[in-house]
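Asker: Input sequences plus hints: build the corresponding full structure.
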Amino acid sequence: MSENEKGHSHHITPVSKLNWTFFYLGCLMFLTIASARFEVFEFLNALGPWGTNSIAMAIAVAKATFVVLTFMGLRGASRMSKYMAAIGVFAFALLGMAMFDYSYRQNEPVAGWEYKGTTSMQRNNDRNRADDRNGSWSRPPGVVKKEEDGGH
Amino acid sequence: MSAAAEQETVQEKNYLNADHTLRSWLTTTDHKRIAILYLIGVTFFFILGGLSAALIRLELTSPTGWMLSNEMFNKTFSAHGIFMVFFFMIPAIPAVLGNFLLPLMIGARDLAFPRLNLVSWYLYAVGGTLVLIAMMMGGVDAGWTFYTPLSSIYSETQISLTLVGIFLNGFSSIVTGVNFIATIHKMRAPGMTWFRLPLFVWAHYATSLIMILGTPVVAMALLLVVLERSLGVGIYSPELGGDPVLFQHLFWFYSHPAVYIMILPAMGVQSELIACFSKRKIFGYHFVAFSSLAIAVLGFLVWGHHMFISSQSVYLSVIFSLLSFLVAIPSAVKTFNWSVSLYKGSISFQTPMIYALSFIGLFVIGGITGMFLASIRTDIHLTGTYFIVAHFHYVMVGGTVTAFMGGLHFWWPKISGRLYSEFWGRISALLVFVGFNLTFFPQFILGVLGMPRRYHMYGIAPEWLFYNVLSTAGSTVLGLGFFLPMIYLTHSYFKGRKSTQNPWNAKGLEWEKAASPPITVNFTEKILVTEDAYNYDAISDAAQALRTMEKRGQLAVVDDEDAWWDENSEDKS
Amino acid sequence: MAIQAHESNEPEVYFQYEDIDQQQDTYLIGMWAFLAQELLFFGAIFFIYFLYRINYLHDFAQLSGHLNWQLGGLNTAILLASSYFVARAVHRGQTGEMKKQVNWLWATVACAVGFLVIKFFEYKDKIGSGLFPNEHFAQHYHYEANPEVARLFYSLYFVMTGLHGIHVLVGIIIFVVLIRLIKKRSSLITDYIPTELCGLYWHFVDLVWIFLYPLFYLIPAP
Chain B
1 MSENEKGHSH
11 HITPVSKLNW
21 TFFYLGCLMF
31 LTIASARFEV
41 FEFLNALGPW
51 GTNSIAMAIA
61 VAKATFVVLT
71 FMGLRGASRM
81 SKYMAAIGVF
91 AFALLGMAMF
101 DYSYRQNEPV
111 AGWEYKGTTS
121 MQRNNDRNRA
131 DDRNGSWSRP
141 PGVVKKEEDG
151 GH
Chain Y
153 MSAAAEQETV
163 QEKNYLNADH
173 TLRSWLTTTD
183 HKRIAILYLI
193 GVTFFFILGG
203 LSAALIRLEL
213 TSPTGWMLSN
223 EMFNKTFSAH
233 GIFMVFFFMI
243 PAIPAVLGNF
253 LLPLMIGARD
263 LAFPRLNLVS
273 WYLYAVGGTL
283 VLIAMMMGGV
293 DAGWTFYTPL
303 SSIYSETQIS
313 LTLVGIFLNG
323 FSSIVTGVNF
333 IATIHKMRAP
343 GMTWFRLPLF
353 VWAHYATSLI
363 MILGTPVVAM
373 ALLLVVLERS
383 LGVGIYSPEL
393 GGDPVLFQHL
403 FWFYSHPAVY
413 IMILPAMGVQ
423 SELIACFSKR
433 KIFGYHFVAF
443 SSLAIAVLGF
453 LVWGHHMFIS
463 SQSVYLSVIF
473 SLLSFLVAIP
483 SAVKTFNWSV
493 SLYKGSISFQ
503 TPMIYALSFI
513 GLFVIGGITG
523 MFLASIRTDI
533 HLTGTYFIVA
543 HFHYVMVGGT
553 VTAFMGGLHF
563 WWPKISGRLY
573 SEFWGRISAL
583 LVFVGFNLTF
593 FPQFILGVLG
603 MPRRYHMYGI
613 APEWLFYNVL
623 STAGSTVLGL
633 GFFLPMIYLT
643 HSYFKGRKST
653 QNPWNAKGLE
663 WEKAASPPIT
673 VNFTEKILVT
683 EDAYNYDAIS
693 DAAQALRTME
703 KRGQLAVVDD
713 EDAWWDENSE
723 DKS
Chain F
726 MAIQAHESNE
736 PEVYFQYEDI
746 DQQQDTYLIG
756 MWAFLAQELL
766 FFGAIFFIYF
776 LYRINYLHDF
786 AQLSGHLNWQ
796 LGGLNTAILL
806 ASSYFVARAV
816 HRGQTGEMKK
826 QVNWLWATVA
836 CAVGFLVIKF
846 FEYKDKIGSG
856 LFPNEHFAQH
866 YHYEANPEVA
876 RLFYSLYFVM
886 TGLHGIHVLV
896 GIIIFVVLIR
906 LIKKRSSLIT
916 DYIPTELCGL
926 YWHFVDLVWI
936 FLYPLFYLIP
946 AP
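Protein chains in written order, with our numbering: chain B, 1 to 152; chain Y, 153 to 725; chain F, 726 to 947.
Simulated from the structure, these hints should not be mistaken for laboratory data.
Any given hint could turn out to be false.
Below 20 Å or equal to it, Euclidean Cα-Cα: the simulated SDA-like pairs (lysine to any residue) are [to be verified]:
1. F:Lys844 x B:Met29
2. Y:Lys678 x F:Tyr739
3. F:Lys844 x F:Asn793
4. F:Lys851 x Y:Gly384
5. F:Lys825 x B:Pro14
6. B:Lys17 x F:Glu737
7. Y:Lys678 x F:Asp744
8. Y:Lys678 x F:Glu743
9. F:Lys849 x Y:Leu383
10. F:Lys844 x F:Gly887
11. F:Lys849 x Y:Gly384
12. Y:Lys650 x Y:Phe575
13. B:Lys82 x F:Ala806
14. F:Lys824 x B:Val15
15. F:Lys851 x Y:Leu383
16. Y:Lys678 x F:Ala806
17. F:Lys825 x B:Val15
18. B:Lys17 x F:Ala806
19. F:Lys851 x F:Leu796
20. F:Lys825 x B:Ser16
21. B:Lys17 x F:Glu822
22. B:Lys17 x F:Arg817
23. B:Lys82 x F:Leu922
24. B:Lys82 x Y:Trp346
25. Y:Lys650 x Y:Arg570
26. B:Lys82 x B:Ala93
27. F:Lys824 x B:Pro14
28. F:Lys825 x B:Thr13
Listed below are several chain B residues computed to face chain F (Cβ distance under 10 Å; list not exhaustive) [said to hold, decoys possible]:
29. Leu25
30. Thr32
31. Leu47
32. Met80
33. Ala98
34. Met99
Label-pair ranges, simulated between beta-carbon atoms [claimed, not checked]:
35. Y:Val470 x B:Gly26: 29 to 37 Å
36. B:Thr65 x F:Gln795: 23 to 31 Å
37. B:Thr65 x F:Ala835: 20 to 28 Å
38. Y:Phe488 x B:Gly26: 41 to 49 Å
39. B:Ser54 x Y:Val470: 29 to 37 Å
40. F:Ser911 x Y:Phe501: 55 to 63 Å
As the structure is a computational prediction, the values presented were derived from the model and not from experiment.
Positions of the beta carbon are idealized from the N, C-alpha and C atoms, including for glycine.
Answerer: Structural data, given as structure tokens:
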């Protein structure tokens, strides 16, 4: 009603565009599965532990973009709707700040504050690293194998 | 609307007497009636929270823990925190005053989604009932913060039921937030541009953003605790390699911004009160408006300062510490601008103004001590002591509750159509100020001396007794200060003098265009806004001009004012 | 292109709005604000997922192999199709053919039910093999990955897909109610906005699954 958000005509997405989007989504879905589960793409595993999964995530983002822009009609939506969607994504990104915590925890040198012992998280990390080396996953729960270098 | 035009403006039909049945109240979609329902709800929980606070204070009048068992004391302070934070403080200003005033202030006939508004009250009521049931079944002992693994593994109290109640209450606040955002964006009357909005509306806009972006995160965090307790899934369980501190991250991601859910609307109320009772335009309107948004955004970036002594990375702590200091800037912008707005205003010490002025003083103390706690080294020494307790009570009670009381008194003539006793109003405002300081200032000292919070025995240091007794004595005065308004406001609702439409000579659509109490659709005419908010300067400019003329000796002393006006009023207009 | 009115009656403008444009815009903004909160609701648990995934990279890769990626893929296809059907239903609403929405909406409901049925069999399989992550988990666990992390992984799996499943269930209820209201020519449905709002919700449910699928089913083997 206010003059700075003038009433706009509502945008209608044409059917052909919906059809094409559906087609693209199908293709992308096939591509995801193929990249992750078909042997043709096995060389992608050389990319590391996230390997094909990062490709799958990129494809998921592409799919999400299609759904948001066309099916949900954000492309033709009002500025306010776009803005609400944007702040949602922005706030989600803020949560990622906590990730810093986990990447740096216990790695920083603090004079006079030496942590003795291990947290369960670190313990599991250590075990994973040890298991990587030994090539074995069969250690029973509760048995902790300490590494000499502390796993840093 | 001049005060001289003292006509009987109480309408024959208004929102209060539109219908009298209980059913009409419980199924209403009128934002004003829902605000009243919320007012009843928050008052109820305020009383419960206050009673549990009284128990805590009584217990601490002796170093030996003379009244409550350990477990009972844990349950008491948990109940106090849960009632006060989730069921009083978070809905208090937005859902009562905000609900009532937002549409009136922007010239709308109702909120954007009236039915949803009612849903939000029912979610609140059901959530509150569940928590009450949980309290009756034995209560909870994990504090209002529900830290894992205490809440998820060790506690054997009614955690799950309480959390479900808080979960529902969270959705009530999300629904309110969605409603406010849509309303503020789309329901403003013609001419009500963003920069003509009262600052109360700006503050509520920022609050609503926090409500919709923060609350779902804590909802998920609490839900996972419930699932861990009921189904045995183990997201936070250290036994499975999960991280209990993760809960703190998620919890404070909401609960620190939640502090701003509580204080931002209070700041909005504050702007209205200062402007009206000094008859001045708020100094630096744009700065105050944007500082609300800045607080909302920065509020999301500082949650880690609650976790300096958890296993949080020290690098991250440094970042959070720095960002926490930044919050002081927008808060200070507001405080300075309110103070400057008083300059050369014609200040009148009515009840709401006394509350508003005590807000400034108490909020500054609360804010400055917050700076102590934002710096890591000081925080590591002070965290978990009564210093923290005193700090956040200065902000929450000294800020939010004071502003809520001020706002309630200010808009009471609009809400009820009646005038309360100004005498008792001033008495109670002063009692709150004195009692509050007496209660919480000794706690700063106790904190620095090292008394830990959430302990009910301090036989190790009996010298703390003096400050604790002082604090308990203060809380009695404070309690009286909160008890009196319940009496005289209720009395005035039934027996008070009828109010005019604009008893304070205030600016703003709710005073100038709506009756007291308003009719169900708020306004009788179409609203067209043509001037900025707080356009009191017309009044104060005239006063200024008079003073200048007086100084210069240009002002003739007029013996008969009426005669003078009769002669000169033609060319004035 | 402006929205056509309902064939028989003009869209109702509620008393608090000035005109239909304002009303429709307001509803859409409200819905997007609601979706922003849904994003944060799921965002919190996605954050937890990423945290544990990074910490237990190899275990997660091993455990992903237990999940049936064919069924998951089928469910992805079903949800994508249902999203498309809803988009078509909304299109019908926008061009004013209210009654013709109903078939597309039924197709959506059918997809949603199909999704839940497949999900049910997946759950049944997992719970049947003792993989529900409660305290008895380790007794039945005889796979190669670290059993503690496995329980964590299955906690995440059940919580995330479970919450998503609840959203699907709510979606079914919403759509069935919507269809009934449209058929009864209820006064609540006088323009395309109710369909659009339910559709937006449904697309969001689809979006969540688009991310859940690769994150649980398609982690490459270590």
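Asker: Which of the numbered hints above does this structure break?
Answerer: 6, 13, 16, 35 and 38
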